[in-house]
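Asker: Listed here are the chains, written in short residue letters.
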Amino acid sequence: MKLSSARVTRDGISNLFLIKLGVCLAIAVVFLVNYFPVAARQQPQASEFFEKQVRPILAANCQTCHNAKTKVSGLDLSSAEGFARGGEGGPVFDRARPDESRLIRVIGYGEELKMPPSGRLRDEEIRILTDWIRMGAPWPVAEAIAAPRASGASPALSAGDKAFWSFQPMVDPQPPQVKDSQWIASPIDRFILARLEKQGLTPAPAADRLTLLRRATYDLTGLPPSEAEILAFLADQSPDAFSKVVERLLASRRYGEHWGRHWLDVARYADSTGNDEDHRYPHAWRYRDWVIDAFNRDLPYDRFVREQIAGDLLEAEGDDSASGVNRSGIIATGFLALGPKALAQQDKTKMLYDVYDEQVDVTTKAFLGLTVACARCHDHKFDPISTKDYYSLVSIFSSTRSFKDPNVFVSEPLNRPLVVKSEFEKYLAAKRAYDERIKRTRYAIEAIVETAKDPAAWEAGMRLSEIMLAARRVYLEGAVEAVEARKAGLSEDALKKWIAYLKPGKPREHLLAWHNAPSEKVPGVAREYQARFENSLSEWTQKVGKWRNKYQEALALGKSPLPEKPAFEAGNDRFFAEVYFGKEGPLAVAETDEAVFSLEAREELKKLRTERDALKKQAPVEPDMACAVEDGEIVNQKVFIRGDYHNPGEGVPKGFPRILTSTMRERDVQGGSGRRQLAQWITKPEHPLTARVMVNRIWGWHFGDGLVRTTDNFGRMGEQPTHPELLDYLARQFIRSGWSVKALHRMIMLSSAYQMSSLPSDSSLTKDPDNRLLSHFNRRRLSVEEMRDGLLAIDGSLDLQMGGTLQSGTGTDGENDNKRLSLNPERLNRRTVYLPLRRANLPALLNLFDFGDATTVNGKRQLTNVATQALFWLNSEFLAERSQNLARSLLAGKTTDDAQIVRRAYLRILNRRPSPDEVASARKYLAGYRAKFVRGKKRLDAWASLSRVLMATNDFNYVD
Amino acid sequence: MDPLTSLYYRQEIPTSRRAWLRAAGLGFGSLSLSALLASETLGRILDEQQTNPLAARPPHFVPKAKRVIFLFMHGGPSSIDTFDPKERLVRDHGRPLPITRPLAFDKSTPGPLMKSPWEFRPGGKSGIPVSDLFPYVRECADDLCVIRSMVGEGVDHGAALLQTFTGTSTFIRPSLGSWVLYGLGTENQNLPGFIAIKPSLAHGGAKNWSSGFLPGAFQGTPIGHAGRKVDEISKEPIEYLVNKRSADEQRYEIELLQNINRRHEALRRSDPQLEARIQAFELAFRMQTEAPEAFLVDKETKATKKLYGLDDPLTADFGWQCLLARRLAERGVRFIQCTHSYKWDQHSELYNLHTQNAREVDKPISGLLKDLKTRGLLKDTLVVWAGEFGRTPVSQGGDGRDHNPYGYSIWMAGGGVKGGFIYGATDEIGYHAAEDRMHIHDFHATLLYLLGLDHERLTFRNSGRDFRLTDVAGVVAKKIVV
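Protein chains in written order, with my numbering: chain A, 400 to 1359; chain B, 31 to 512.
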């Protein structure tokens, strides 16, 4: 608070404002309901102040000379110890009289010794350093060396680094003893209850059965339970009724669609490149389908990880082992391949290293919960990850290909064939031959068109000035068109075209001379245009003639590829380009202008067109392809100082972060890109992060929050686990079960902890308002997929077809073409997970309901509640359609008893039975609706209205 | 009793934070709209901060501007043909480029130096030179703060747009407007706080007005997109804004909805997220009632429409955008983007197409500046005119210019910047910024400063670190501030 006030005062603000701000801040502190804008406006802690304000100044201005190695004047300003020690001139910091500290004096430039020697620091920087010294020069314990080292030498790992919780080997904890053993349904419960008992809290009672069914069904499948499922569950009074439900849900293919989607958030899945031109990834969907299938068949998580990093390099399994192509393995590497890319970036080296960076980022965050990519320009500020560690990983990806050819103007991402090499080569040869044949017919057609056009062009060329003058007389002086046409020896039609072209209109620089010429000079100017035109025409004719000879020769000799037709450089003579080539130019002749051609030419054109159409039908079909990576040339990677590839430092071997290998003895990777070794290293059972990170993700998707709440960050800036032993216990069990995700679901869902009510007790609200100790279940809003798919399921229109792609086309589209938009989810009935995602323009509905941005690992969506969302519930066609459909289906039943229909509506939408007063209020509503509104005359509309209301309720939108 | 209904039979009094607030008289469930907008009470801040992320929040210090209108010229207008005259180009027209060419978009051999085909003339009392491309804007020269030393990093449109709107040319980050909304909230809850009028779909598309890793509430709300026609957009400017049934019927539905929601909430001992969604419906209902009026550009007087060029098909589209921007600014929308989409990319036909483009926007822009001034809005509305980069002093393909992010001009007006002022300079040929270099980070820092936000304190924690719009850079150009 003090710090902020001091800074606010510096900005020269009235006291009144200060007080107001103070009040707000005070409120913010008191009511920190983990609400973001307030939280983010908190005071920067001293360490943050140091990291963000002070360290950069020291790094940029002092540490080049005063570092641990060079220590100019015996002074090291790169560490707390060095700073405290001072230099040959004595201490730099005077705790008793901070203002007189030597550091303050020399940077003030008031004394003989002036630092830095290159020039006085900016006032602002001096102020920051002074503030810092006055604060007592706090230097955070989280020591890291900010300045990058050209030498590539890694900093020593401190004891603190090594002792950090998430780098420790997993322990094998025994579930603790608890007082209330009645509550224990699973070992998980012991860990939860032990903590609760310690805090004097009791777990919430068990949830109602239907609440639990709804919770479990949305949780595992992203869909509501059906009426039949509800009734069956209510009827089943056996003790393992819920366990049967869990099994049924896990066996449903809807399960993989829902949990696959969770993983796709982590894999920042989308169907296009996003940045700049947003080119489609036409084959990315195969990765999506692979993920869904992997969850459905409970592919062991270690294999799941290995395939995504290096599936193409692993031994094929199942069907793939017989076919000779590891389809599944290749497809899985889509994880690395489908990230955001800037294909039109012209600094191609930068583009490539941005891609490698993105691959390091997604790999380390997704599997390890580490933000390794922070170490691209400098050592990680908080975690013991050096730039050398970072480039050791980059080295693996820089030896991996993600592009067909990065060095073309717009780079092309790599697609890999899913057939054996020989078959693909056969296809390529057929494609080449096909392209040549298409080109041949195109040139042949063009030749006929040109033959028809050229005489007119030559004639126009020779009499251009005459034509221009005639046109001018018509458009400027009102002369009679027919007369002028005759004089100029043109058809009236032809003259019309010239007039349209020559008269002033849109700005055209090359016609300025013509339009601006004073009338006495007009004939002269016209002659100049003619001369230039004739000149360009003859140059072009020669050029194209030369090409034609070569082309004919190549054709006769059966050479391939045939020489390409030259292009005219329009910028050199825009007038000629428009007149001669322009599709709307005065000389334009189209292939379809029948009248222009001789009978013979017409016949020939017809023949060629038929040939072309027939040919197109026989276009060779591309074999199945995948958006994937493959091993490339092995790169001897260097550290790039400050992340700048122009500034390479020492070479680094391929390898893994040292903090994680010090105990695991695997550092250097030989042979290939190193992806295989990376995959193996990550999935070693003793890896301290892999299993922990995944069980935490799964826990988080079940409970709303992970045991480590920062699911994508297990580093220092992440949170500590609320139940460290439970985390390790789950991780151990996960590995023991053969990395079975489904086994973990079972263990979690059959626990009492999972089956608690979401109602907090008084003591839990006061003692643990954030519910970190899990004294009750966390209520959560439906995700946009659950909401949309749920509504479609409720009205019976959900299309459950699985897999495949709804995206068509390749490449990108015109800049403001509607095709740049993703398909509209409101007009489709497939599950949301199957809708293609154009990354730059995600579906508006998904944006509106907090889907996230599909560009970076997103282990937990941030949900907001805003008015523009509520508008969807009030006015969308989608909801109108859903409620109409549902009303129709409700009224189609045998019963005509309104009360019974209301009960069915509740069951289908809210998955519970209404209380009598709810039934009464619904009936009152229907009656009122019928009485009040014209539309209420139709029974259907009244029921649609009620359905719409129920669909819009918090009751539907939240899961207890 | 059937267990599934037990919850609904339970009668108990919620003892929640909200209930406490109500008891203390601080709830706002019963406050009227005007009270909601006008009050600066403790209760409002408290309650809204919890339930409405878009509630207005105090800035870090006294702001110069309350809102921004960003006029984006997509494609990259040429500075040396608009606001940065270069005599050397006239003198050395046709000579080869005297320096080593920096990374270009088109890597083929560069053409020779090419002088501007337009005359520059001084405008206003300040005499700021503006080329004949912008005769109307020239009339407002005394309001312009021309920055001639902009520097970006993107040589291609995608990177340059992303950096202009998000600060980074490489990654996906929250956009400028989202940061502003996150920092300040918005004044009028009946309209979205960040509106992008007819934004481009290309070169990052929605990423240029999206909230990135900030919560979705801070994303820009698009009004159509650049590929759609104004008439079409006007029918439903904001998605789902139009109630196609009768208002009575809708109100009738909302009453039942909110009753069910209130009961649902009470039975659950209250929950801020449930309360937030209940409030969102109240706001939505008011938004739906009051927002459409903001889009009724047609209601303006004939004279006003003429001022913006709505009477001429050439200027009607951008004129509509500018006039709508004024109407939104007037109603307290925090951040408004207008886009003249992807027109300015003259790799060829510089003269023809720049002339055409300038004609489409010149009158609307000057209309906006004059209108804002007349209404007393210019003093606290910051107007920014910018492309994603400028263009090269050498020709490309005979009659065009390539991209140039190394030194280009933008201008600002109103909202606390000095009018009739030129800041920074490029080198003799207009290729590189030479004096008072203003990197896009500096521009962002300055823009936030004008809005009362310290760019170093406006942070958001994401995947383990605090992010800023300005990354680790950005210096406020205090010289341009009044």
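Please note that the accuracy of each hint is not assured.
As the list claims (entries may be wrong) - Computed cross-link-like contacts, DSS-like style, restricted to lysine-lysine with a CA-CA straight-line distance of at most 30 Å:
1) A/Lys-905 - A/Lys-838
2) A/Lys-451 - B/Lys-259
3) A/Lys-1218 - B/Lys-509
4) B/Lys-509 - A/Lys-949
5) A/Lys-1141 - A/Lys-643
6) A/Lys-905 - B/Lys-259
7) A/Lys-838 - B/Lys-137
8) B/Lys-509 - A/Lys-803
9) B/Lys-137 - A/Lys-1037
Simulated from the structure, these hints should not be mistaken for laboratory data. This one's a predicted model, so the numbers in the text were calculated from it and none came from an experiment.
Asker: Next step is simple, just say for each hint if it's right about the structure.
Answerer: Hint check:
no.: 1; hint: A/Lys-905 - A/Lys-838; in the structure: 35 Å, violated
no.: 2; hint: A/Lys-451 - B/Lys-259; in the structure: 46 Å, violated
no.: 3; hint: A/Lys-1218 - B/Lys-509; in the structure: 45 Å, violated
no.: 4; hint: B/Lys-509 - A/Lys-949; in the structure: 65 Å, violated
no.: 5; hint: A/Lys-1141 - A/Lys-643; in the structure: 14 Å, holds
no.: 6; hint: A/Lys-905 - B/Lys-259; in the structure: 21 Å, holds
no.: 7; hint: A/Lys-838 - B/Lys-137; in the structure: 28 Å, holds
no.: 8; hint: B/Lys-509 - A/Lys-803; in the structure: 49 Å, violated
no.: 9; hint: B/Lys-137 - A/Lys-1037; in the structure: 27 Å, holds
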